[in-house]
Every structure is written in C-alpha cells, then in structure tokens.
Amino acid sequence: MEYMEHGALLKMNGKMTYEPIQDLQTIRKYLRDIILGLDYLHSKRVIHGDIKPENLLVGPDFVVRIADFGVSYILESDNPFVTKALGTPAFTAPECENKCFLAFPLDIWALGVTLVMMITGICPFAGDTIQDTFEKIQIHTPVIPPDLPTNLKHLITALLTKDPSQRIIMSQLKEHPWVTRNGEESLRQPYETITDNTTQKECDSTKFSQVEIISMNEDNADLNPS
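204 is the number that the UniProt record's numbering gives to position 204 of the sequence shown; each next residue is one higher, with no gaps.
Fair warning: there could be bad hints in the mix.
[Said to hold, decoys possible] Taking lysine-lysine pairs in the DSS-like style, the calculated list, with each CA pair at most 27 angstroms apart, reads:
(1) K15 - K44
(2) K153 - K11
(3) K29 - K174
(4) K136 - K153
(5) K29 - K44
(6) K44 - K84
(7) K99 - K11
(8) K44 - K174
(9) K15 - K136
(10) K29 - K84
(11) K136 - K44
(12) K174 - K153
(13) K11 - K136
(14) K162 - K174
(15) K162 - K44
(16) K162 - K136
(17) K162 - K29
(18) K29 - K99
(19) K99 - K84
(20) K136 - K99
(21) K162 - K84
[To be verified] What follows is a list of derived Cβ distance ranges for each label pair:
(22) F62 - T17: 32 to 42 angstroms
(23) D61 - S165: 13 to 23 angstroms
(24) K84 - Q131: 11 to 21 angstroms
No wet-lab data here; the hints were simulated from the structure. For each residue, glycine too, the CB sits at the ideal point set by N, CA and C.
Make the full structure from the sequences, and use the hints.
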C-alpha cells in the first residue's frame, strides 16, 4: 500500500470549511490528476460514487490518487443508468432525486463540487440538515468568485450543470481550455473514453441490468463531507 505523505487534498479548518488552495496552477495540476484517474475508472465502467476532497490523496510526488471505493460499483452492461447513489449528500448530483439516473455524470458533478472547494474552501451545497442540503443542490447556484479566469468560471458552470444530459462529459473535460491552457498542455488520453449519448428521458423505458457492488457503506450518508 502506497503511503500518501501529504494526506487529503484539502485540510479542514472548521465545520464544513477547508483551507483553499491559493495557487490556481496547483489547482489545475491537481484537477488534471483527478480527471485522469476518473477517466481510467470510467473506461473500466467503474463509478466511484463518492468523489470529494477526503477521498483524494496527495502522494509524496504531489500526484493526486483517488481513494475509498467503499460505495463504488461496476456497470455490467451497456446500460448507463443506476437507481441508487450512496455517496456523501453534499456531493450528490441533483438528478439523484429521480428513480433512475445516468451513472457517469454523478462523478462529474462531484468533481465540480470539489473544484469549487479547492478554490473557496467552502462546500457549496452543505446545509444544516440532509433535507436542506438536497434542497440547495436542486435550486442553489454556487457563487463563483468574480476574479477567476473566464475559462475557469465556464468550467465550474459546465461541471455543475443541473441537467445531467447537458453536463460536460469526460471527453469534453479533457479538452477544456482551462484544463489544457487553451490547448498548450494537452491532457494525455491513455484510455478509451466511453461516449454516452443517452439522455435522462430514456430512463423510464430502460430495462435495468444488475450492477456489481464492490462494497457498500450505509454509514457514508452523513451530511458532513468528511
């Protein structure tokens, strides 16, 4: 087992608040690491299901590794839908209130929440109760610092688009101008990205296949994203 010398991506400095990363270049570097990790998982049809700062660990080489696969699962067929989300409430995508929802956009949404936290140190949808949190996820739009680069503000909006069929997908994310410095630093693409043109509207007519649950941790439904 590899020792993650620098610990979690963000350090807590109070209830529901974290020490933000001051340098945008460091944020970009860490984000690229996470994107590559998620790209690999999704290429294997693995949904992490609980992307958040505590599950992103920085090693001695300052490369971010994705950890804690306690609620992860593998899609066993070409069916892109799932019917249950077991991750931390404050990082749960808004479509999870439906009876079924697209799987891959769940990790993309949680990555957007994590990106906001890297910049601001604040979990944008955390509420006093789980119900309050879910209501914020449905109706609240995170405040984006006005002094951020335009491309970064666009990226945050694309990641946190509430309609999963309109949310940025992995292939677009790997080519986003802020991620790649306007194409000057292309993100290597060693894995075949799964292209999914399915929409949420097709959910009700989809025959569900079984999904293999790597493991479940029902206690992971705490409001606090730690």
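Pair hint outcome, K162 versus K84 [Cα-Cα no greater than 27 angstroms]: Distance ~18 angstroms between K162 and K84 Cα, so the pair holds.
Straight-line alpha-carbon gap K11 to K136, limit 27 angstroms: 24 angstroms, holds
Distance restraint between K15 and K44, which requires alpha-carbon spacing of 27 angstroms or less: At roughly 36 angstroms apart (the allowed maximum being 27 angstroms), K44 and K15 break the hint.
Given hint K174 paired with K29 - CA-CA distance at most 27 angstroms: 13 angstroms, holds
Hint check for T17 and F62 - Cβ pair distance inside 32 to 42 angstroms: 23 angstroms, violated
Pairwise hint evaluation, K29 against K162, where the allowed Cα distance is 27 angstroms at most: Given that 27 angstroms is the threshold and the Cα spacing comes to 26 angstroms, the pair holds.
Whether the CB-CB distance between D61 and S165 falls inside 13 to 23 angstroms: Violated: the Cβ-Cβ distance is about 37 angstroms, outside 13 to 23 angstroms.
Restraint status (C-alpha distance of K29 to K99 at most 27 angstroms): 36 angstroms, violated
Restraint check for K136 with K153, where alpha carbons must lie at most 27 angstroms apart: Holds. K136 to K153 sits at ~20 angstroms (cutoff 27 angstroms).
Given hint K174 paired with K162 - CA-CA distance at most 27 angstroms: 20 angstroms, holds
Hinted pair K174 and K153, Cα distance within 27 angstroms: Roughly 16 angstroms separates the two Cα atoms, so the pair holds.
Satisfaction of hint between K84 and K44, Cα-Cα up to 27 angstroms: 20 angstroms, holds
Consistency with the previously given hints fails for numbers 1, 7, 10, 11, 18, 22 and 23, ordered from lowest to highest.
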